[in-house]
Amino acid sequence: ILPYEDRSRRFILQGQMNRRKYAENSLAAMRKRVMEWYRVHQRAMPWRGTRDAYRVWVSEIMLQQTRVAAVEPYYRRFVKRFPTVRELARARSEAVLKLWAGLGYYSRARNLHRAAREIVAKHGGKFPREVEAALALPGVGRYTAAAVLSIAYGEPLAVVEGNVARVVARLEAVRGELR
4 ILPYEDRSRR FILQGQMNRR KYAENSLAAM RKRVMEWYRV HQRAMPWRGT
54 RDAYRVWVSE IMLQQTRVAA VEPYYRRFVK RFPTVRELAR ARSEAVLKLW
104 AGLGYYSRAR NLHRAAREIV AKHGGKFPRE VEAALALPGV GRYTAAAVLS
154 IAYGEPLAVV EGNVARVVAR LEAVRGELR
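According to the working numbering, the residues represented by the sequence shown are 4 to 182, in order.
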């Protein structure tokens, strides 16, 4: 028989391992449920299915604080007029703002334009692959950096924002404040 202290430590460690195993199983089950739901209910969007970092980035910037339905026509016009980051970087500010007109939050358009110029000047015309370099771009925060790097480059970065938190809360029946 183990001394009491050793038995206690063993019990605590066993409990920690059980909780970790439960969390892993719970996460796997949640992932499966979310992916099943997505396969059935996904919406077609013009930026879905692309791994082009420029297009992913443009869509992420446009979607900040704006509904998908409002963004779709703006996105189509924008990437038609500025199909590459180099085209956007060469554009006059007035042309960028004119295409953005009606979408609101014009600082997003100005930052997008400034960042495009930086991407061309400092990153060879490619959205950076490193988190730190992406975060250094004007208008790119943690969420946008993680979204672009994970979607375009397959980086294993978590993108957690209000919608994700609400889905997890509903799946896990979490009540109260999510922060």
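Wrong hints could be hidden among the right ones.
Claimed, not checked - As a list, the in silico DSS-like pairs of lysine-lysine whose alpha-carbon atoms are at most 30 Å apart:
1) Lys-101 with Lys-125
2) Lys-35 with Lys-83
3) Lys-101 with Lys-129
4) Lys-101 with Lys-35
5) Lys-83 with Lys-101
Unchecked claim - Have a look at the derived ranges for each label pair, beta carbon to beta carbon:
6) Ala-98 with Pro-141: 16 to 24 Å
7) Glu-90 with Trp-40: 33 to 41 Å
8) Ser-29 with Thr-69: 17 to 25 Å
These aren't lab readings, by the way, just hints derived from the structure by calculation. For glycine and all other residues, C-beta sits at the position ideal for the given N, C-alpha and C.
The hints, checked one at a time:
no. : hint                            : in the structure
1   : Lys-101 with Lys-125            : holds (26 Å)
2   : Lys-35 with Lys-83              : violated (36 Å)
3   : Lys-101 with Lys-129            : holds (25 Å)
4   : Lys-101 with Lys-35             : violated (43 Å)
5   : Lys-83 with Lys-101             : holds (14 Å)
6   : Ala-98 with Pro-141: 16 to 24 Å : holds (18 Å)
7   : Glu-90 with Trp-40: 33 to 41 Å  : holds (37 Å)
8   : Ser-29 with Thr-69: 17 to 25 Å  : violated (33 Å)
Hint compliance for this structure: hints 2, 4, 8 are broken, all remaining hints hold.
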